Amino acid sequence: MERREFLKAAAGTAAAAACGVYALRVLTAKGMEGLGGEEPPAGRRWGMLVDLAKCREGCTVCLDACRSENNVAFFGDPRIDIHWIRKVAVRKQVGGRTEEKEVLLLCNHCDEPPCAQVCPVQATYKRHDGIVIVDQHRCIGCRYCMIACPYSARYFNFRDHEDWPNREHARRSHGVAESCNLCAHRLDRGRKPACVEACEALGPAALAVGDLNDPGDPVAKAVATRSVKRLKEDLGTRPKVYYEGL
Amino acid sequence: MEVTFGRIEQPSARYRLAMIVFAAMALAGLSATLVAAKEGLALTGMTNRVPWGLQIVMAVYYIGLSAGSLVISGLYGVFGKSDYKPFARIAVYVAMVFLIAGLLSILTDQGRMDRVFVEPFVYFNLRSMFSINPSLYLERRRTTKVVATLAFGWAFCVHSGTGAIFGFGSRVLYESPLLPASFVAAAMASGCAFMILLIVGLFRATRRPLDADLVVWLGRFLAVCILVVVYFLFMENAYRVYVVELRSAAMFYLFGGFHSVLFWFGLVLVGLLVPMFLLFWRRTGRDLRWILVASALVVFGVLCERYVIVLPGLLHPQEILPGMEIVKSPVEEGVVAYGGSIVEVLQALGVFGVVALLFLFGLRTFKLLPSEARSTRAAP
Chain B
1 MERREFLKAA AGTAAAAACG VYALRVLTAK GMEGLGGEEP PAGRRWGMLV DLAKCREGCT
61 VCLDACRSEN NVAFFGDPRI DIHWIRKVAV RKQVGGRTEE KEVLLLCNHC DEPPCAQVCP
121 VQATYKRHDG IVIVDQHRCI GCRYCMIACP YSARYFNFRD HEDWPNREHA RRSHGVAESC
181 NLCAHRLDRG RKPACVEACE ALGPAALAVG DLNDPGDPVA KAVATRSVKR LKEDLGTRPK
241 VYYEGL
Chain C
1 MEVTFGRIEQ PSARYRLAMI VFAAMALAGL SATLVAAKEG LALTGMTNRV PWGLQIVMAV
61 YYIGLSAGSL VISGLYGVFG KSDYKPFARI AVYVAMVFLI AGLLSILTDQ GRMDRVFVEP
121 FVYFNLRSMF SINPSLYLER RRTTKVVATL AFGWAFCVHS GTGAIFGFGS RVLYESPLLP
181 ASFVAAAMAS GCAFMILLIV GLFRATRRPL DADLVVWLGR FLAVCILVVV YFLFMENAYR
241 VYVVELRSAA MFYLFGGFHS VLFWFGLVLV GLLVPMFLLF WRRTGRDLRW ILVASALVVF
301 GVLCERYVIV LPGLLHPQEI LPGMEIVKSP VEEGVVAYGG SIVEVLQALG VFGVVALLFL
361 FGLRTFKLLP SEARSTRAAP
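Line by line, the protein sequences are chains B and C.
Residue numbers are given in this note's numbering: position 2 of the first sequence equals residue 2, and the series is strictly consecutive.
Residue numbers are given in this note's numbering: position 284 of the second sequence equals residue 284, and the series is strictly consecutive.
Just so you know, the hints here were simulated from the structure itself, not pulled from any lab data.
In this text the structure is predicted, and so the values were computed from the model without any measurement.
Positions of the beta carbon are idealized from the N, C-alpha and C atoms, including for glycine.
Be a bit skeptical, because a hint or two may be false.
[Stated by the list, open to error] Below, a list of computed lysine-lysine pairs in the DSS-like style, where the Cα atoms sit at most 27 Å apart: (1) B:K54 <-> B:K192; (2) B:K101 <-> B:K232; (3) B:K8 <-> B:K54; (4) B:K101 <-> C:K367; (5) B:K221 <-> B:K232; (6) B:K232 <-> B:K126; (7) B:K229 <-> C:K328; (8) B:K54 <-> C:K328; (9) B:K87 <-> B:K192; (10) B:K232 <-> C:K85; (11) B:K8 <-> B:K101; (12) B:K54 <-> B:K101; (13) C:K367 <-> C:K85; (14) B:K126 <-> B:K8; (15) B:K87 <-> C:K367; (16) B:K229 <-> B:K8; (17) B:K101 <-> B:K87; (18) B:K92 <-> C:K85.
[Unchecked claim] Footprint (simulated), chain B over chain C, 3 or more residues, beta carbon under 8 Å: (19) 49-62; (20) 246-254.
All chains should be modelled from the sequences, with the hints used to inform the complete structure.
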């Protein structure tokens with residue numbers, strides 16, 4: 001064997017061995033760890049608890065607070081109205097009788113957000129504290145996130161709107177997608193989201209936000225000890241909005 | 001036999017008239033797009049529940065036609081069938097033009113078109129099919145056999161990627177690992193059918209000799225493509241109907257409204273079964289006129305296929321609260337409807353006008369037209 005051929009064969013064998021070892025590591029690793037997936041979150045991790053037993057029928061105070069805090073567009077057209085948080089009436093069969101109740105639906109701030117995964121420009125992303133948020137200056141309006149969201153929690157600005165109740169905040173232009181951002185601007189300043197604050201002010205306190213990584217936090221405690229549910233948990237999106245009494 | 005290629009030197013009156021018609025279409029599309037860019041996509045038929053509409057249907061249709069047209073050039077470039085060398089140039093040019101059409105359809109559909117030229121490149125997201133996919137569009141050309149083979153494989157990837165945008169989605173009717181594959185099959189069928197129409201039309205219009213045998217063979221190739229599409233369609237739907245979890249969605253797909261009409265009549269009957277019969281039956285399969293009819297039907301059928309890929313998956317509701325029925329909601333729940341608006345229709349026509357202009361322009365500018373196309377096999 002000539003030297004050149006020997007070197008070629010040796011290099012090939014080494015490369016193949018390296019690939020094999022790497023493949024073995026990836027295949028035997030638990031979950032995505034071997035692939036350099038995300039680190040388990042440290043620090044704050046915001047989550048929300050919705051106690052439906054406390055939620056008052058027909059009450060819309062949280063919805064209104066959200067709308068005026070975040071300048072959420074409303075045109076009176078159910079096809080294009082935007083609802084960061086919405087209330088739906090559901091009917092369910094329980095032991096032969098029909099039970100009716102109201103459920104609040106909003107962005108679930110998934111730990112594995114499909115909307116962020118599909119965004120071609122990373123306009124939708126998950127912050128380190130777990131909030132899923134849209135960069136309105138980067139969104140190109142392709143609406144792939146709306147296709148990907150399993151909770152129909154994403155909305156598109158189909159046209160401009162006139163209302164501008166909260167002058168401290170910008171309105172969105174038409175052509176970009178949006179959804180609940182858990183009032184990140186408020187949480188960052190130590191305040192509660194507008195919906196939570198409004199519900200507490202009214203009395204029932206059906207909504208609460210808290211740090212899921214802090215064992216002493218009331219929301220984290222409730223999540224750990226009480227009977228809570230998340231929506232479509234089987235999808236593996238790991239939502240951070242928890243429901244009690246669903 | 002050496003084939004020489006030429007361009008249209010003296011544009012005829014018909015050529016000029018076609019240019020004017022297509023330019024008018026392009027202008028109409030441009031103005032519709034400008035109005036939509038100013039006023040917002042509320043002018044389209046799309047909603048929060050149906051965020052993708054006609055333009056996306058057209059985009060995937062064009063991208064399919066592009067991949068399929070490239071296959072015709074691959075007959076010579078990849079498989080060495082020298083009889084088809086005369087069509088190779090025109091096929092590559094058509095593929096390129098259709099690719100532009102696809103990208104143009106997507107572009108005009110964006111909420112913020114102004115950002116499309118910067119953001120996707122600066123903030124490339126490797127986890128998004130939408131990013132992975134257009135990056136595949138960037139480069140593909142034909143010069144040698146190696147490059148042709150690469151381009152061929154590339155086209156395959158491109159189109160699988162487009163299929164994957166849908167196949168890897170979260171809607172019940174989108175989720176299917178089979179979709180990228182069936183997407184490619186339908187693309188090949190539509191591209192082949194379109195090229196048959198185009199080749200025969202061009203050769204006739206410019207009075208160039210064309211051996212009918214070549215078209216007959218292309219017709220057979222088309223017939224095989226159709227068979228593959230039928231197979232994929234059957235498997236996909238059989239699976240959905242069989243699995244309990246997907247059954248109601250499958251029923252909605254097959255018997256749930258306008259899209260079901262498009263599926264059964266537009267795609268299955270008119271787009272696949274009738275052309276397959278025409279192409280396989282001895283009497284019609286060797287008759288140029290019937291091959292042209294079959295090709296036209298396939299071109300239409302695959303357009304229907306693209307519609308039933310995009311829309312039913314969105315019209316069908318997501319089950320946000322399993323086991324519960326939503327009886328009142330401020331947004332649209334349950335099965336919803338979609339109808340393209342005049343703006344979308346004008347945009348679609350506009351994109352077609354642009355690509356037709358590009359095509360006609362190419363005929364005058366580049367040496368695309370072969371002097372003749374003859375079969376080297378002895379006549380039967």
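Hints versus structure:
1. B:K54 <-> B:K192: The hint holds at about 18 Å.
2. B:K101 <-> B:K232: At roughly 19 Å apart (the allowed maximum being 27 Å), K232 (chain B) and K101 (chain B) satisfy the hint.
3. B:K8 <-> B:K54: 73 Å, violated
4. B:K101 <-> C:K367: Roughly 70 Å between the alpha carbons, so the hint for K101 (chain B) and K367 (chain C) is violated.
5. B:K221 <-> B:K232: 22 Å, holds
6. B:K232 <-> B:K126: 19 Å, holds
7. B:K229 <-> C:K328: With Cα atoms ~22 Å apart, K229 (chain B) and K328 (chain C) stay inside 27 Å; holds.
8. B:K54 <-> C:K328: Cα-Cα ~20 Å, so holds.
9. B:K87 <-> B:K192: Holds, because 20 Å separates the two Cα atoms, which is no more than 27 Å.
10. B:K232 <-> C:K85: Violated, at roughly 55 Å.
11. B:K8 <-> B:K101: 72 Å, violated
12. B:K54 <-> B:K101: 12 Å, holds
13. C:K367 <-> C:K85: 14 Å, holds
14. B:K126 <-> B:K8: 46 Å, violated
15. B:K87 <-> C:K367: This hinted pair is violated, its Cα atoms lying about 63 Å apart.
16. B:K229 <-> B:K8: 59 Å, violated
17. B:K101 <-> B:K87: Distance of about 10 Å is within 27 Å: holds.
18. B:K92 <-> C:K85: 66 Å, violated
19. 49-62: holds (count 3)
20. 246-254: Per the Cβ count (0), the hint is violated.
Hints 3, 4, 10, 11, 14, 15, 16, 18 and 20 from the list above are not met by this structure, while the remaining hints are.
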